[in-house]
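Let the hints inform the model, and build the full structure from the sequences given.
What follows is the residue order along each chain.
Number of protein chains: 2
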Amino acid sequence: MADKINPVDHRILKLLSKNARLTYKELAELLGTTRQRISRRMNRLEQSGVILKYTVIPDYDALGYIHVVLGITLKPGADVREAIEALKTDEHVKVIQRALGSHNLVIHVIGPKDMRELERIISEISKKVPAIDHMDVTFITETIKFETL
Amino acid sequence: MADKINPVDHRILKLLSKNARLTYKELAELLGTTRQRISRRMNRLEQSGVILKYTVIPDYDALGYIHVVLGITLKPGADVREAIEALKTDEHVKVIQRALGSHNLVIHVIGPKDMRELERIISEISKKVPAIDHMDVTFITETIKFETL
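Taken in order, these protein sequences are the chains called R and F.
Just so it is clear: in the first sequence, position 87 is 87 by full-length UniProt numbering, and no numbers are missing.
Just so it is clear: in the second sequence, position 20 is 20 by full-length UniProt numbering, and no numbers are missing.
Quick caveat, the hints were computed from the structure, so don't treat them as lab data.
Treat the hints with care, since some could be wrong.
To be verified - In silico lysine-lysine, DSS-like type, Cα no more than 25 Å apart, as pairs:
| no. | chain 1 | residue 1 | chain 2 | residue 2 |
| --- | --- | --- | --- | --- |
| 1 | R | Lys25 | F | Lys127 |
| 2 | F | Lys75 | R | Lys14 |
| 3 | R | Lys14 | R | Lys25 |
| 4 | R | Lys25 | R | Lys53 |
| 5 | R | Lys53 | R | Lys4 |
| 6 | F | Lys18 | R | Lys88 |
| 7 | F | Lys113 | R | Lys14 |
| 8 | F | Lys14 | R | Lys145 |
| 9 | F | Lys14 | R | Lys88 |
| 10 | F | Lys25 | R | Lys18 |
| 11 | F | Lys113 | R | Lys145 |
| 12 | R | Lys94 | R | Lys53 |
| 13 | F | Lys4 | F | Lys53 |
| 14 | F | Lys145 | F | Lys128 |
| 15 | R | Lys88 | R | Lys113 |
| 16 | R | Lys53 | R | Lys14 |
| 17 | F | Lys4 | F | Lys14 |
| 18 | R | Lys53 | F | Lys94 |
| 19 | R | Lys127 | R | Lys88 |
| 20 | F | Lys75 | R | Lys18 |
| 21 | F | Lys25 | F | Lys4 |
| 22 | R | Lys145 | R | Lys14 |
| 23 | F | Lys75 | R | Lys145 |
| 24 | F | Lys127 | R | Lys145 |
| 25 | F | Lys53 | R | Lys14 |
| 26 | F | Lys127 | F | Lys94 |
Every value quoted in this text rests on a predicted model; they were computed, and no experiment measured them.
The following block contains the structure:
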């Protein structure tokens with residue numbers, strides 16, 4: 001990070017975390033500044049990688065999908081990067097995060113409600129990562145709160 | 001869901017999952033339809049709850065925060081709703097999800113990098129839910145992929 005994150009950046013991010021579709025104009029009005037300044041700060045946050053993505057959080061159940069979180073613990077000494085490379089291009093794997101603690105790798109799978117088909121997908125994923133020691137499988141049934149900042 | 005989700009809705013959601021800041025105009029051009037139709041479909045998706053939120057995914061490390069996922073297993077027979085109510089208003093708890101499987105409850109905490117302070121925050125959270133049987137603590141160190149659809 002070449003640029004320091006200033007208090008205005010924090011306020012912009014907080015507002016975008018509640019509604020990422022706020023326009024430059026709306027953000028400028030909420031923060032008592034100009035559209036130009038908002039646009040310039042947001043461009044910097046995007047280019048420096050502080051903002052990874054603007055996205056939509058859907059209700060998977062309403063769309064006919066199941067959201068599964070796989071908490072993966074690799075065997076001692078296993079290469080996490082190898083596991084990540086093997087999973088990156090899997091169309092069912094939507095989120096990949098490196099981690100420390102109970103799990104080394106957290107993966108989100110969005111799959112069909114058909115449990116047999118879902119079993120096949122998860123089994124395919126685990127075959128791609130031979131270094132898996134243990135995998136916690138958690139089905140998300142309802143999102144009660146979702147904020148990012 | 002009174003309204004059926006049609007193929008256009010799916011395509012809108014897919015595009016918004018990649019970039020939630022796309023304008024009605026940009027979405028209309030990408031999908032070969034009108035701004036009016038995009039606006040109408042998006043309003044329906046928002047009002048019916050299919051779209052829970054438009055948000056920003058930040059790089060927590062760059063902002064000076066640590067992102068912790070708590071996978072909570074409650075004691076058999078415990079009331080998940082009670083646990084949710086106790087955690088809802090906690091300012092450090094950003095995500096609360098009901099779940100089935102390895103964990104009954106998945107919680108995301110955004111806290112400071114100071115490990116002593118973080119320990120205090122997690123300890124406060126676990127005190128609020130006396131029905132906790134087991135808690136997996138996972139520190140997210142890097143987000144490699146983040147898609148929602």
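Comparing the hints with the structure gives:
1. R:Lys25 - F:Lys127: violated, 43 Å
2. F:Lys75 - R:Lys14: violated, 35 Å
3. R:Lys14 - R:Lys25: With a Cα-Cα distance of about 16 Å, the restraint between Lys14 of chain R and Lys25 of chain R holds, given a limit of 25 Å.
4. R:Lys25 - R:Lys53: Measuring from Cα to Cα gives roughly 20 Å; hence the hint holds.
5. R:Lys53 - R:Lys4: holds, 19 Å
6. F:Lys18 - R:Lys88: The hint holds at about 16 Å.
7. F:Lys113 - R:Lys14: With a Cα-Cα distance of about 19 Å, the restraint between Lys113 of chain F and Lys14 of chain R holds, given a limit of 25 Å.
8. F:Lys14 - R:Lys145: holds, 22 Å
9. F:Lys14 - R:Lys88: holds, 18 Å
10. F:Lys25 - R:Lys18: holds, 23 Å
11. F:Lys113 - R:Lys145: Holds, at roughly 23 Å.
12. R:Lys94 - R:Lys53: holds, 13 Å
13. F:Lys4 - F:Lys53: At roughly 19 Å apart (the allowed maximum being 25 Å), Lys53 of chain F and Lys4 of chain F satisfy the hint.
14. F:Lys145 - F:Lys128: violated, 33 Å
15. R:Lys88 - R:Lys113: holds, 23 Å
16. R:Lys53 - R:Lys14: Since the Cα atoms of Lys53 of chain R and Lys14 of chain R sit roughly 14 Å apart, the hinted pair holds (cutoff 25 Å).
17. F:Lys4 - F:Lys14: Holds, because 17 Å separates the two Cα atoms, which is no more than 25 Å.
18. R:Lys53 - F:Lys94: holds, 17 Å
19. R:Lys127 - R:Lys88: Holds - the C-alpha atoms of Lys88 of chain R and Lys127 of chain R are around 14 Å apart, at most 25 Å.
20. F:Lys75 - R:Lys18: The given pair, whose Cα atoms are some 33 Å apart, is violated under the 25 Å limit.
21. F:Lys25 - F:Lys4: holds, 24 Å
22. R:Lys145 - R:Lys14: holds, 15 Å
23. F:Lys75 - R:Lys145: holds, 22 Å
24. F:Lys127 - R:Lys145: Between Lys127 of chain F and Lys145 of chain R the Cα gap is close to 20 Å, so the pair holds against 25 Å.
25. F:Lys53 - R:Lys14: holds, 14 Å
26. F:Lys127 - F:Lys94: The given pair, whose Cα atoms are some 17 Å apart, holds under the 25 Å limit.
Comparing the model with each earlier hint shows violations of hints 1, 2, 14 and 20; every other hint is respected.
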